[in-house]
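Using the hints provided, position chain B relative to the given structure of chain A.
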Amino acid sequence: MLYREAGDFKTSYREDNQSFPIRFDRIAVQVALVLALLVVPFVINDYWANAVALPFLIYAIAAIGLNILVGYCGQVSLGTGGFMAVGAYATYKLMTAFPEVSIIVHVLLAGGITAGVGVLFGLPSLRIKGFYLAVATLAAQFFLVWLFNRVPWFYNNSASGQISAPERGVLGQAVTGPNAEAWVTYLFCLLFLLFCALVARNLTRGTLGRSWMAIRDMDIAAEIIGVNPLKAKLTAFAVSSFFIGISGSLFFAVYLGAVEVGEAFGINKSFLVLFMIIIGGLGRIAGSLMGAAFLVLLPVLLKNLLVGGFGWPTDLAAHLEFMIVGGLIVTFLVAEPHGLAQLWRVGKEKLRLWPFPH
Amino acid sequence: MATNRLKAAGAALVSACLLAGPAAADLVFPDLSYRTGPYAANGIPFSDGYQDYMTLLNERDGGIGGVAIEVLECETGYNTEKGVECYEATKGEGALLYQPLSTGITYQLIPKATADGIPVHSMGYGRTSAKNGEVFRWVFNYPANYWDGASHAINHILAENDGDISGKKIALVYHNSAYGKEPIRTLEELSAKHGYELMLLPVDHPGQEQKSQWLQIRRQKPDNVIMWGWGVMNQVAIQEAVNIRYPMENFIGIWWSGSENDVLPAGDGADGYKALTFHNLGDDYPVYDDLQSYVVDAGKAAGAGDQLGTALYNRGMYAAMLATEAARTAQEIHGTADITPAMMRDGMEALEMTEEKMAGLGLPNFGPTFSVTCSNHGGDGLGAVAQWDAGAKEWSLISDYGPADEEVLRPLIIADSTAFAEENGITPGCN
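The listed protein sequences derive, respectively, from chains A and B.
Residues 2 to 359 in my numbering are what the first sequence spells out, letter by letter.
Residues 4 to 434 in my numbering are what the second sequence spells out, letter by letter.
Same shape as in the complex, but just chain A:
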């Protein structure tokens, strides 16, 4: 009864094209935003920030980035971990070279540098596609990790090869480093996520997004109707890498504080983010958020339930966690191959008709 379009009149194109055409959705999103921005910062503690909120927000940014490339432009990429590493190491070099510049600028610049690297590794996409492109981006993944391990300049010659974020702040509040308050780091990442989601949403419904989708759906036809594949593919790589770079930057500077490239940005990271968008829904911004939530929150939830709630041994819980998460992924994909976002869309269609489905 609540979920209705009836009576919600659109009198301009602007209103007709809004992201949330149903009033109920709009209100729900607004309430969620108010909660996330004005209430959560006051109640969040270290555990919730560092174990739940930060990883979710940061992976969500990475998932949005990869979704632009894979979901909207149809270019399969396995280089996410490597591109996140570019973001992280760029931030580290910028932070240590220009300590007086604001961390916000560093994060954005790191995104820009990653965009450049992404375009470079996107060049093969002009010639190859599908699985072959996946292999080419896989090479990027291994090359970048090798590079950051091999060249000491990237980690300022530290003995351990680790990079660690010095303390930097915004408006007098530490954002990076051990003295950063939970609410500051949370808000910092949340604002970046909102920024990225907004930019991604608006890009994907503009000319650029339409040219990406044209390339995805059929590149030859797209070329015939006047879409420039070079421009479309390379902009997709650039925009996607920009977001992934931001997420790598936040992952290193705000979330972990110290990383080593092999462990933090290995091939596992590429697969994790790819799974997020596949489970969440390819070509949907909301899908990126849902996929990130599913793969970040579920393991933590299961661990707290099995070990904290039932008092089971930690190794048994860890093994069960793999099985349950794996089983749920298979179940979800069998039930809805287009991901959680599609499940949600179907649910909404049903809600509109409820309680008179016929």
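Simulated from the structure, these hints should not be mistaken for laboratory data.
Mixed in with the good hints, there may be bad ones.
What the hints assert, rightly or not - Derived CB-CB ranges, DEER-like:
(1) A:Ser20 to B:Ala307: 51 to 57 Å
(2) A:Phe276 to B:Asp64: 48 to 54 Å
(3) B:Lys224 to A:Trp147: 25 to 31 Å
(4) A:Asn180 to B:Pro209: 32 to 38 Å
(5) A:Leu192 to B:Glu410: 51 to 57 Å
(6) B:Pro209 to A:Leu148: 17 to 23 Å
Claimed, not checked - A short list of chain A residues far from chain B (calculated; beta carbon distances all over 10 Å):
(7) Ala7
(8) Asp9
(9) Val35
(10) Pro42
(11) Phe43
(12) Phe57
(13) Leu148
(14) Trp154
(15) Phe155
(16) Leu192
(17) Gly207
(18) Lys351
What the hints assert, rightly or not - Which bits of chain A does chain B cover? Going by a derived footprint, with three or more residues having C-beta under 8 Å, they are:
(19) 174-184
(20) 260-273
(21) 317-328
Think of the CB as a built atom: it goes at the ideal place given N, C-alpha and C, for glycine as much as any other residue.
For chain B alone, coordinates are given in the frame of chain A:
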């Protein structure tokens, strides 16, 4: 009436549970363990030893100074992100001390725990320059660290070659991470001093692929191979060394590459493999009788209870023993049984391990004696070499506990810790 009584009983039960929940003030020792993944073969015995020793103290002595010990186990899988989650989840429970058994997680925790005021003890791992307690106030790495280990390995090779190893070729096979890279700087300095040639062979996580590294060793025939490996990498490396018929007595592992689980898969071929250690091996100690009767026979052993007496079980037990002795010292200093993390730190900084103390604990001659001070959080850095006997399936010490080359190490530690202090705006000092 009946429902009312039931309700009252229920309410009483709930309130009893709530009161019993945070059972007074226990001494909380989180155990960031890993019983899954490619490092589990090494993580399990260590964690079992750590927990069993704590259980023994609870069962036999009623804890430390009359206060019970609570061990909070948290699975990290040797993964930094999960390690952070474990740290955040346990620090609110009154954690006194963190021993993450992972160099990567230690690097993660050094700034966090320093800011939160909780001590970290990275026993034989972690950041070597934490030995300088004037910079790293909350981090301890006694009784020995990686650079000591690198120096011990070179000392052993020196002793075997009558003190002259100039022109020799020594290979370092290492885990390509912060852990494996730790000894490189020391080995380079020592190479300048002793004139050997150093060959670096990184192995990527998790270390199941080592064919190319060992092919290189077969081609270039280094006189000695030193290994900085962990988890499945150890077993693979030793098997590969056997496959290329590398002389086992020239192959030395750091103390983290010297457990039974690492050599057993290679069978008889592993005979003669050497590994460093900073404590004694085997189960010929009085404490094992108590462990058997109070813990194992009572069915309270951690894990499967089948790791007693192995090298890493002993090390876990040693870690627990040093932690509980530091807690005891803290109780004495502050005159209270309920210690806080800050008091724990004072106890660790005043820790003295003497022969009488170890004998009293049922571990006579178990490790070298040492004492911790503010300026030296790393102990004396003594180490010995053990050799594997594949026939008897046991490790035996083949050298005495010897010192590391402090002349080379001291300036390195000062340089690295000073750089850290400058980067993070720390004024070195003991107050």
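A quick look at each hint next to the structure:
1. A hinted range of 51 to 57 Å holds for the C-beta pair A:Ser20 and B:Ala307, which are about 55 Å apart.
2. For the pair A:Phe276 and B:Asp64, the supplied restraint of 48 to 54 Å holds, since their beta-carbon distance comes to about 49 Å.
3. For B:Lys224 and A:Trp147, the Cβ-Cβ distance of about 27 Å falls inside the hinted range of 25 to 31 Å, so the restraint holds.
4. In this structure the hint that A:Asn180 and B:Pro209 lie 32 to 38 Å apart at CB holds, the actual value being about 34 Å.
5. As the Cβ distance of A:Leu192 to B:Glu410 is approximately 53 Å, the hint placing it in 51 to 57 Å holds.
6. The given range of 17 to 23 Å is respected by B:Pro209 and A:Leu148, whose C-beta atoms sit roughly 21 Å from each other.
7. Residue placement check: A:Ala7 keeps its beta carbon more than 10 Å from all beta carbons of chain B (closest about 46 Å).
8. No Cβ of chain B approaches the Cβ of A:Asp9 within 10 Å, the least distance being about 43 Å, so the stated non-interface status holds.
9. The claim that A:Val35 is not at the interface with chain B holds, since no C-beta of that chain comes within 10 Å of its own (minimum 26 Å).
10. Every CB of chain B is more than 10 Å from the CB of A:Pro42 (nearest about 17 Å), matching its label as outside the interface.
11. Even its closest Cβ contact with chain B, about 18 Å, leaves A:Phe43 beyond 10 Å, as expected for a residue assigned away from the interface.
12. Non-interface call for A:Phe57 relative to chain B: holds, since the shortest CB-CB distance, roughly 12 Å, exceeds 10 Å.
13. Non-interface call for A:Leu148 relative to chain B: holds, since the shortest CB-CB distance, roughly 13 Å, exceeds 10 Å.
14. A:Trp154, annotated as away from the interface, keeps every beta carbon of chain B farther than 10 Å; the closest lies near 15 Å.
15. Even its closest Cβ contact with chain B, about 14 Å, leaves A:Phe155 beyond 10 Å, as expected for a residue assigned away from the interface.
16. Every CB of chain B is more than 10 Å from the CB of A:Leu192 (nearest about 22 Å), matching its label as outside the interface.
17. With 10 Å as the threshold on Cβ separation, the claim that A:Gly207 sits away from chain B holds: the shortest Cβ distance comes to roughly 36 Å.
18. For A:Lys351, the non-interface assignment is confirmed: its Cβ lies about 37 Å from the closest Cβ of chain B, beyond the 10 Å cut-off.
19. Requiring three or more residues with a Cβ within less than 8 Å of a Cβ of chain B, the coverage given for the segment 174-184 of chain A holds, as 3 such residues are present.
20. Counting residues of the segment 260-273 of chain A whose beta carbon lies closer than 8 Å to any beta carbon of chain B gives 6, which reaches the threshold of three, so the coverage claim holds.
21. Coverage of the segment 317-328 of chain A by chain B holds in this model, with 3 residues showing a Cβ closer than 8 Å to a Cβ of that chain against a need of three.
Every hint, counting from the list given before, is met by this structure.
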